[in-house]
Amino acid sequence: MDKFWELLINAIKNGDYDLISIILLLFISIWLYNEFRKSYIANKSEDKLDIEKALEQYSKLYFGIAAFQSKNIDSIELIEYINQAIVYFPKKVAKQILELDKNDLNPNSPKIEEIRQTAKNEINSLKLKQRTISVFDYGEDIFEQISWFISKNNFDSFIQPFIYFTFTLIGIIFLLSIAITIRRLSGFSKIALIAFLINSLLSTFIMMQLSQLMLNKNVKAEFYKYFLFLIAIPFSITLLLLKYPVIRGVPIIINTITIIIFVYLANKGAFTTPKNK
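With the working numbering, letter number 254 in the sequence shown gets 254, and the count goes up by one each step, no holes.
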């Protein structure tokens, strides 16, 4: 760090503004990446603990309801299980609980069975997010094996922050470039620039969303090839723009179609997270 400040001071003394810009950019880049990584590691640890606690409470609730339906415990004990688990419930599950009345607190209640099935779905959903060596079962699927290997060896703690950092840095440079460029444009050039901006935002959104879903293993194995194809589209559009800059409006249409395909695949059940019944 001392050498860094010494180099910066010498650059200021010599009036070498190019070197000053490079040094400051490197410093900001390293600091920003480090902050992203610290935040990611902290969030990952918190998520791991939350998943384990939620699984414990959902498991108690699931088997508590099963015991209640078998008449091995009474409604007071069941309410205690619910009370312990409710802090981990999504809003829709909590709503199911709050809609219970005294007539529903019986072993044959359809609402009680619905809550049991919901707890089962939540357990399945949370188990998919566990990637510890003792619980993660990736089978023979190559994509799951790669995902498990990356997570197990904490490579994701370098990859994910780098992705966030890269997009942030690109965004900053992009905005600065736009601020400088837009002052020099007029007429059709401004319209073309607006089209390029919209396309870039759509491409970035698509790439980030699809990459995040695949890294988090939220995509079913049989749909991976479709999502890889969708991720490749923004790269293809970029190459298209570099070769034919005059057709800046066309990629917007292509990106819009990509989003429609994404929604279509989602409706076809491309995601692994179970839906509550």
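Because the hints were derived from the structure by calculation, they are not lab data. Treat the hints with care, as some may be off.
What the hints assert, rightly or not - In silico DSS-like links for lysine-lysine, alpha-carbon gap of 25 Å or less:
#, residue 1, residue 2
1, Lys95, Lys111
2, Lys102, Lys92
3, Lys60, Lys13
4, Lys38, Lys92
5, Lys60, Lys129
6, Lys44, Lys127
7, Lys48, Lys129
8, Lys71, Lys60
9, Lys111, Lys91
10, Lys102, Lys53
11, Lys53, Lys13
12, Lys38, Lys60
13, Lys91, Lys60
14, Lys102, Lys91
15, Lys129, Lys13
16, Lys38, Lys120
17, Lys111, Lys92
18, Lys129, Lys44
19, Lys71, Lys91
These are the hints, each one checked on the structure:
1. Lys95 with Lys111: 12 Å, holds
2. Lys102 with Lys92: 20 Å, holds
3. Lys60 with Lys13: 68 Å, violated
4. Lys38 with Lys92: 32 Å, violated
5. Lys60 with Lys129: 19 Å, holds
6. Lys44 with Lys127: Given pair Lys44, Lys127 holds - Cα atoms ~15 Å apart, limit 25 Å.
7. Lys48 with Lys129: 9 Å, holds
8. Lys71 with Lys60: 16 Å, holds
9. Lys111 with Lys91: 16 Å, holds
10. Lys102 with Lys53: 29 Å, violated
11. Lys53 with Lys13: 57 Å, violated
12. Lys38 with Lys60: Distance of about 34 Å is beyond 25 Å: violated.
13. Lys91 with Lys60: 19 Å, holds
14. Lys102 with Lys91: Given pair Lys102, Lys91 holds - Cα atoms ~21 Å apart, limit 25 Å.
15. Lys129 with Lys13: 54 Å, violated
16. Lys38 with Lys120: 34 Å, violated
17. Lys111 with Lys92: 13 Å, holds
18. Lys129 with Lys44: Since the Cα atoms of Lys129 and Lys44 sit roughly 11 Å apart, the hinted pair holds (cutoff 25 Å).
19. Lys71 with Lys91: 28 Å, violated
Checked against the numbered hints given earlier, this structure breaks hints 3, 4, 10, 11, 12, 15, 16 and 19; the rest are met.
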